[in-house]
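**Student:** Now for the letters of each chain:
Protein chains: 2
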Amino acid sequence: MQQTKLANWEQVPFTKVNIADTFWRPRMEVLQNVTLKACFEKCETTGRIANFAKAAGLMEGKFEGIYFDDSDVYKVIEGAAYSLMTTPDPALEEKIDRIVDWIAAAQEEDGYLCTYFTLEAPDKKWTDMEKHEMYCGGHLMEAAVAYYEATGKRKLLDVACKLADHYDSIFGPGKRHWVEGHEEIELALLKLYRITGEERYLHLSEWLLEERGHGHGVGMIWEKEDWGPAYCQDDVPVKEIKTVKGHAVRAMYLYTAMADVARAKNSDSYLPALLSVWENVVHKNMYITGGIGPTHQNEGFTEDYDLPNESAYCETCAAIGMVLWNQRMNLLFGDAKYADVIERAMYNGVLSGLSHSGDKFFYVNPLASNGGHHRKSWYNVSCCPTNLARFIPSIGNYIYAKSNDGLAVNLYVNGTSEVVVRENNVVQIEQKTEYPWNGKVGLVITPDVTDEFSVKLRIPSWCKSYQVLVNGAKTDILSYEKGYLNLRRVWEKGDIIELLLDMPVKVVRAHPLVQANIGHIAIQRGPIVYCLEEVDNHHLQYGNIELSSDTQFQVKYQKDLLDGAITLTTTSAGDESYTFIPYYIWDNRDPGFMQVWLRERETDALYR
Amino acid sequence: MQQTKLANWEQVPFTKVNIADTFWRPRMEVLQNVTLKACFEKCETTGRIANFAKAAGLMEGKFEGIYFDDSDVYKVIEGAAYSLMTTPDPALEEKIDRIVDWIAAAQEEDGYLCTYFTLEAPDKKWTDMEKHEMYCGGHLMEAAVAYYEATGKRKLLDVACKLADHYDSIFGPGKRHWVEGHEEIELALLKLYRITGEERYLHLSEWLLEERGHGHGVGMIWEKEDWGPAYCQDDVPVKEIKTVKGHAVRAMYLYTAMADVARAKNSDSYLPALLSVWENVVHKNMYITGGIGPTHQNEGFTEDYDLPNESAYCETCAAIGMVLWNQRMNLLFGDAKYADVIERAMYNGVLSGLSHSGDKFFYVNPLASNGGHHRKSWYNVSCCPTNLARFIPSIGNYIYAKSNDGLAVNLYVNGTSEVVVRENNVVQIEQKTEYPWNGKVGLVITPDVTDEFSVKLRIPSWCKSYQVLVNGAKTDILSYEKGYLNLRRVWEKGDIIELLLDMPVKVVRAHPLVQANIGHIAIQRGPIVYCLEEVDNHHLQYGNIELSSDTQFQVKYQKDLLDGAITLTTTSAGDESYTFIPYYIWDNRDPGFMQVWLRERETDALYR
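Chains A and B, in that order, give the protein sequences. The opening residue of the first sequence carries number 1082 in the numbering used here; numbering runs sequentially from there. The opening residue of the second sequence carries number 1082 in the numbering used here; numbering runs sequentially from there.
Heads up, a few of these hints could be off.
[To be verified] Quick partial rundown of chain B residues pointing at chain A, CB under 7 Å, derived from the structure:
#	residue
1	MET1166
2	ASP1685
3	ARG1689
[Said to hold, decoys possible] EDC-like, lysine to aspartate or glutamate: derived pairs with alpha carbons at most 20 Å apart:
#	chain 1	residue 1	chain 2	residue 2
4	B	LYS1637	A	GLU1562
5	B	LYS1418	A	GLU1683
6	B	LYS1365	B	ASP1387
7	B	LYS1555	A	GLU1515
8	A	LYS1555	B	GLU1515
9	A	LYS1323	B	GLU1292
10	B	LYS1365	A	ASP1631
11	A	LYS1555	A	GLU1579
12	B	LYS1563	A	GLU1683
13	B	LYS1563	B	GLU1515
14	B	LYS1256	B	GLU1292
It is worth saying that the hints were derived from the structure and are not from the lab. Cβ coordinates follow ideal geometry from the N, Cα and C atoms, glycine included.
In isolation and in its complexed conformation, chain A is listed as follows (with noise of 0.2 Å):
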């Protein structure tokens, strides 16, 4: 890998992102209107918040619930801070100064923090690397980013620096091993590098990755043996890293922390792992709903190939790591690919962890149920409801990106957007689109300055066959790179490109290797994967159902589908009708059985 490699993209926040849309600004409004106040109150009626009072000595009483909980309160914070970003609102903002405040008066004079250890076992602290000290501190850190973003109040981001001071003065070249278990602070100092520009929390993050594969990990995880090192990504140095391995959430930070040191530093040394790993997730472990983590096992990884459907673990969080560290990538290398799995985890695999209501979510996503599987409004362990709440307001990050000519079209929603390209030229940006919906996609580009630039619309991977006009013209100043068809023009205000891109229902199969899927096909149009849900189809018996690749599909769009949704309903001479939904609705209505994949009815057709 040279360096001359990297593109060094830049996200386009979605500060700068207006979502008009009726896919997304609906689920938007729910997370602010239901699922905020949701997790907030679960967090005060299971203690998580009383936990930092607790620990100020402001309350009586002994810690509650886990000893990871305080990551629940930071990610709840951090997704309130992200959706204030777009909608103020001073009583959500009053709130949460109230708990910063307990939050600052727990963390202890040296700078600790960590309300477990603190109430229950202040000599364990530093112990026992499982034990999600940093991990908790890492979340800390991202929500005082957040915080400090959304409204300039320093107070929660001092209390980050003040913990991420004490870690660089305990932990280092020099000083204490340490390998935290569940990695996320790696990540999270980046945030705090950034707007603070303090160099010594990047030289941290780096060493923290470095610690790893070097026998230093010490803690129960590490003495199991049927699980190992590998189980935290601790079994070889992090520039070796070859395969996945391990639990799948951990594994996702971690290379989103790679990914973003060997930015910061402008550096390769990383960039063959991550590459290498890559190829191995996308092409061998992923779930076409982009979710990852066969089995609830180690909640991660087996072998390649091993996806089961019924068992299927894809955690919720880990298919919002898939988009965390494919985005990372997508904006070092300025490759299409990393985007088109970004689109297929946000589409799938990650909304279907979020009810319709707000208020119900899946921790476990499978690919196939007998009627078993439903969403709950709170778990022990609630890192899924709480990273949905600080994903969904932040959706924006992934449309656009600037690239070093131009601009980048990632994801295809209705809306506005503004992008600085080239020397402070403001381009403003018009997205008229029904995706996911309609292939169909206008947009208007509005430079500041009339000037030569480079609009790149990703060709999502699903999309066999385009068309794409200029100013209503063909156009031939167009390449064709990395996934993207490359628009380089003088642009004027006010240029129109109109993109059409084919979107049939397609029937997909597996890569042969995948056993549970052998002889047999799943309904996919557009990013969105179809399911068939037992409210829709009575008539047949989970498990049993065939369907031949020669089916054809009525397309319908249904308005009154939760947020409105197109199905798909079979048309075959012979068949009973089938009706397909998206598979991020299932479990919604009545409850019933779910498959994705179904078994294939040979045809006997000449031509398939």
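Based on these hints, arrange chain B on the given structure of chain A.
**Tutor:** What follows is chain B alone, placed relative to chain A:
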């Protein structure tokens, strides 16, 4: 099979159909302005027309050409007649009248007509069943019916009837046996029966069909043991036909006649044979272009799934025969799967036979060529040019059908028509579409009288998904049967149907038993089969071209490519770009290689 299973739809004749598109209309104009003239001229310069004058004693000289050359003259007259029905042309009519005078004069006293025998071997009449005497007679009858319908002039029709009566006086129950080596007379007699109402013609046709398979065949063909009776479908009685054998064009004309007789007699005795042989042809012996007959040896069939590409014979006449037969099947059974074959053949294997200029023709239509295969302006055996001459002007026959409870739309072609439904309710149809380049179809239905009836829309087999609206709204009053979306409702003047057929580029694979295409893929968009031609792809090497199934294509309408056509350009990372053109277009520009099926390059994608 129960008779009750018969739909007995009626063809809406091309005289009631106005084609106003940019695809077929220019072909029809070229046919009228160039092809017909060219064919008449060839019939003159090769002595084909003079043979009639000679046989009539109006001109000196010996018979020129081959013993079945009369048929070409008849077929051009038939084509000219069709053209006159939609576009009057006094000069053309005048020219035909002169030829008709000679034909009439060439008919012998007893009604016999075949200039070869009259001039060369009067003593050899009816001694060799392979000498095409009735084959020529059949084409005379088709021409006579067409010219009578076009002009009301009886002269040629009288000649045809006199000839049919002559046959009837010699052959039939208690008279001489006869197995005409090349079928054609059987379907021609049905046309003569329909226009004259003369039952004897129907009975003679049925008797000729029943003569086959009983060892009555006599002549050179029957002695060639490597061919034998199967070559001309004389191996088994027609009721016992199960699989296709022998000469492709002969087989198609036979099945066409069998379907005509079944329809005329409303008898189901031929239906099992027709259904069985159809499955055999379409599911085991048809090229992706709708062409049939893999080998030049017998101009016909070998074994199931034997479909070589470079050596494919695929005679243009045979593809036309597929259309003729499948049209009868569609009307008999009201099943869209027959119209699927009509469409496949018309847009690919038939149309490829005619050059864009209109004066060059393929006899053989291979699916791959190293550069040595080109259209010629004429052939010693010129059945294909003259078959195109009568086929193209009559394509309007295949667009609409009158069903028992309404109408069916079989092909999507821009233009207008009228269909009489129920009790003389004349329904005006206006079809707006850019098909085959675009899957959007608008239909305005204007019945004389507001009434309830069915409008059946064929959902083409190439189409995986579609949307349909009636007067702008999602409609639920529809069922799906036999490949048709059945819109049954009360129709009022000006009701609007919008049908959106998703038309992406499609990667096609052949049945695994097709040896020639193992590990190969072909590209299709809508009904159009695509190919790579050297003129657009100089950087590629014939026979060495690989394509990955996850290739993406840019769809470009090229208005300057012949009459305008959509080309497909690959845009997959890595690939040098390939440009695909519709198969029917090939060999109209610089000569070079052509390939439809390409070796598939493996992809490591987990989902395909």
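**Student:** Against the earlier hints, flag every one the structure doesn't satisfy and list their numbers going up.
**Tutor:** Hints 1, 9, 13 are the ones this structure does not satisfy, whereas the remaining hints hold.
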